[in-house]
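Chains as they are written, first to last, in the working numbering: chain A, 1 to 490; chain B, 1001 to 1289.
Please keep in mind that the hints were generated in silico from the structure rather than gathered at the bench.
Glycine included, each C-beta is placed from N, C-alpha and C at the ideal position.
A hint or two may mislead.
Each computed SDA-like pair below joins lysine to any residue, with the alpha-carbon atoms no more than 25 Å apart [unchecked claim]: (1) A:Lys96 / B:Leu1265; (2) A:Lys263 / B:Gly1093; (3) A:Lys148 / B:Thr1268; (4) A:Lys263 / B:Ser1138; (5) A:Lys263 / B:Ser1159; (6) B:Lys1126 / A:Asp150; (7) A:Lys252 / B:Ala1243; (8) B:Lys1060 / A:Glu418; (9) A:Lys337 / A:Lys148; (10) A:Lys263 / B:Gln1237; (11) A:Lys252 / B:Thr1239; (12) A:Lys148 / A:Ser392; (13) B:Lys1126 / A:Lys125; (14) A:Lys148 / B:Ser1138; (15) B:Lys1126 / A:Glu444; (16) A:Lys263 / B:Pro1262; (17) B:Lys1060 / A:Ser392; (18) A:Lys125 / B:Pro1140; (19) A:Lys252 / B:Gln1148; (20) A:Lys125 / B:Gln1148; (21) A:Lys148 / B:Pro1285; (22) A:Lys96 / B:Pro1136.
Covered stretches of chain B (chain A as the covering partner; in silico rule of three or more C-beta atoms under 8 Å from a C-beta of chain A) [claimed, not checked]: (23) 1027–1039; (24) 1083–1095; (25) 1130–1136; (26) 1139–1147; (27) 1169–1182.
Partial list, computed: chain A residues near chain B (C-beta under 8 Å) [to be verified]: (28) Pro7; (29) Trp452; (30) Pro464; (31) Gly472.
Listed here are the chains, written in short residue letters.
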Amino acid sequence: MTATERPVHQLFSTPWAWAPSPEKVDRTRVPVDITHVIGGQRIASEGPTMDVVNPANDEVLTRFVPADEEMVGRAVAAAGEAARAWQQLPPIERGKCLYALSRLLQEHNREFAIWESLNNGKPIKESRNVDVPLAAAHFFYHAGWTDKLDHVMRGAPWRPYGVVGQIIPWNFPLLMAAWKIAPALACGNAVVLKPAETTPITAWMLMDLVEQAGIPAGVVNLVLGAGATGEAIAMHPDVRKVAFTGSTGVGKRLAAGLAGSGKALTLELGGKGAHIVFDDASIHEAVEGVVSGIFFNQGEICCAGSRLLVQESIADVFLERLVERIAQIRIGDPLDKNTDMGAIASRRQVERIMAYVEDARRSGATVTTAPTALPESGAWVAPTIVSNVDSSWTIVREEVFGPVLAVTTFRTADEAVEMANNTRYGLSAGVWTSSTARWLAMSEALNAGVIWGNTFNRFDPASPFGGFKESGYGREGGVAGLRAYMEVGA
Amino acid sequence: MTTPQRRIVPRTAKMWVAGAFIRSESGNVMATTNHKGEFMANVPAGSRKDIRDAVSAGRKAAGGWAGRSALNRGQIVYRFAEMLEPRAAELAGLLAETTGVSTELATADVAAAIDLVFSWAGWCDKLGALFGTHNPVSGPIDNRSSVQPTGLVAVVSGSTTTLSDCLLSLLPPLCAGNAVLLVADRATALVATVVAEILAVSDIPAGVVNIVTGEQNELVGHISAHPDVDVLAVPSQDTSLLAAAQRGAAASIMRVCGVTDPARLPATSPWRAEPFFEIKTTWHPRHLP
């Protein structure tokens, strides 16, 4: 950077204060208790309730009673029955249902965005501009596939699995529901879906739209619960295919538990994405990219660029710019339209994240935290940069799943590749360089399922997403993503 | 051919690892018999260390194999077919002796197997075009999904008694660009060692294919527990072996797949290669400065 270039925020001599700009919330939309939706019926389990909390202020939003094995059995039976009729529909009619669902979600964008932010803590700006539109697009994209699947298989015999069990995480509650439901339905399957116990609200709201879209009762079943409920779904003998997105630890337990069951399994697990910045990168853009890579969605994203690998020659300048930049991130009320970064999804998550940060600090790392004031109540972590660490440190090796960036340096491209690939994960990577040949060589050499060049955290229903190695197997989105829901050679 | 005047020199069956013909480090052998129960040969009884050495050799060779052009890989596999053809009678005779099928059927099996190698050689530089996609995302971004060999694949040939089925477990992962560790159980061990000898003259680089003979249940246990194997493929009909493989593989998120019977999915179907590659998706903005 030359002396005449300055970051934008330095052009203003006084900081501009942002006036509060909160979204209005219709509290009547979500009742005090929510229930499972099985065979089109709203059914509640009996027993102790679980609270669903707004992580930004600890307020209880709603409650539910988790499903036991018997209730799971009812959902699987409903799905099995509905699957037959669903498969017998002319494929284009299935497409029309998914198209209608997409349209309904677009129409209710604002409402879903608000409740996603209330339940997860992510800023309304993101849920409104990214989460809900992407979810709607996912249904729209898959609506178009329903009558074209034989072309995908190019003559190889195939059939839907029938009943699929799907377990999704709390970081993108609505989007993950869309990523699971859309391809499963498009390929003629019926679904038993379990949202995360901390974030069931938008999946529950979605069931209204599923009904309005004309999707027959029982094709999508919503079962609320925690780990035990998820296990019951996965282990149920009539569930022929399981799709799981969550932590690598749970994914391994699931794979072991399903051994010998004859069920198909796809996993989308953790990651520790290497975000590589070369000295010929456009520095301002790379800073924005790195910031987006680790602080988008509060860093609670499996494909986060959580390891910065910056070329030695620009490391000092780059780190300086990063530290300056994170001070500009607006943290606060997720419902405020000016908020950049929201609450962490739960207090428990905050503890986990801080344990990693404190461990690094005790071990002698340099920990730089954005000097932003955090709200008094609720679950919050400020953007954090951990530097003066290297490849063997825990904070560089393990997935933190929060707004914490570990910074390491490299000298040559070969070294960057070796460092980047030196992990059991393989989900994502980012590369910043102005050399085309270098970008192409790096994207070839990096062992990751999703590689962003001079950009980061982009998603699209037409683009297959998934990992190498311990980040899981199978893909979601695009042609490759359909394969998870089609049984070949049957 | 033994005559009263001339004894044959018996062939020693050996495993093939890192381009060398070796015995098991355990020193143990398994006696193999023909369909009449008569002794045929002692084959090495592969051990856990043999598996570890074979995995190590495969991993070392995997990068080079994947890094060659797909055309080059196809040429090498085609040469394997070339090297099989003049030895067809030998293989047919061995199969007939071992399994008890008629010479006619064995000859037909070997011919079909050679054609299978020929067909799969042609897939090497086409799988990418078939399974790779250029994805029309929303926005001015170039988005591509390409096919990348997963790396190191272990396959179990199972109790298959035909050469075609034996090669059907080897060819798809190999032609998808992976290094392959082939485990040959007692029933296929002898045929596998002859296949190794023929592979050795096919220009295939050392370590790209490694053949270990032994007791498959034991060897699958060792392989599934090994943290550096990417994919483990067993015959899908062998449900207990598949279960054992899945149990062991869970700890490292090793991919496990069942090799589908040719009656359900044609032997030349490109979908047989699908479990052996990963899809890598890349994004890059497209704009004029």
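Against the structure, the hints come out as follows:
no.: 1; hint: A:Lys96 / B:Leu1265; result: violated, 32 Å
no.: 2; hint: A:Lys263 / B:Gly1093; result: violated, 41 Å
no.: 3; hint: A:Lys148 / B:Thr1268; result: holds, 23 Å
no.: 4; hint: A:Lys263 / B:Ser1138; result: violated, 35 Å
no.: 5; hint: A:Lys263 / B:Ser1159; result: holds, 23 Å
no.: 6; hint: B:Lys1126 / A:Asp150; result: holds, 20 Å
no.: 7; hint: A:Lys252 / B:Ala1243; result: holds, 15 Å
no.: 8; hint: B:Lys1060 / A:Glu418; result: holds, 15 Å
no.: 9; hint: A:Lys337 / A:Lys148; result: violated, 41 Å
no.: 10; hint: A:Lys263 / B:Gln1237; result: holds, 14 Å
no.: 11; hint: A:Lys252 / B:Thr1239; result: holds, 20 Å
no.: 12; hint: A:Lys148 / A:Ser392; result: violated, 48 Å
no.: 13; hint: B:Lys1126 / A:Lys125; result: violated, 44 Å
no.: 14; hint: A:Lys148 / B:Ser1138; result: holds, 21 Å
no.: 15; hint: B:Lys1126 / A:Glu444; result: holds, 18 Å
no.: 16; hint: A:Lys263 / B:Pro1262; result: holds, 21 Å
no.: 17; hint: B:Lys1060 / A:Ser392; result: holds, 24 Å
no.: 18; hint: A:Lys125 / B:Pro1140; result: holds, 22 Å
no.: 19; hint: A:Lys252 / B:Gln1148; result: holds, 24 Å
no.: 20; hint: A:Lys125 / B:Gln1148; result: violated, 37 Å
no.: 21; hint: A:Lys148 / B:Pro1285; result: violated, 29 Å
no.: 22; hint: A:Lys96 / B:Pro1136; result: holds, 22 Å
no.: 23; hint: 1027–1039; result: violated (count 0)
no.: 24; hint: 1083–1095; result: violated (count 0)
no.: 25; hint: 1130–1136; result: holds (count 5)
no.: 26; hint: 1139–1147; result: holds (count 4)
no.: 27; hint: 1169–1182; result: violated (count 0)
no.: 28; hint: Pro7; result: violated, 20 Å
no.: 29; hint: Trp452; result: holds, 5 Å
no.: 30; hint: Pro464; result: holds, 5 Å
no.: 31; hint: Gly472; result: holds, 7 Å
The structure shown violates the earlier hints numbered 1, 2, 4, 9, 12, 13, 20, 21, 23, 24, 27 and 28.
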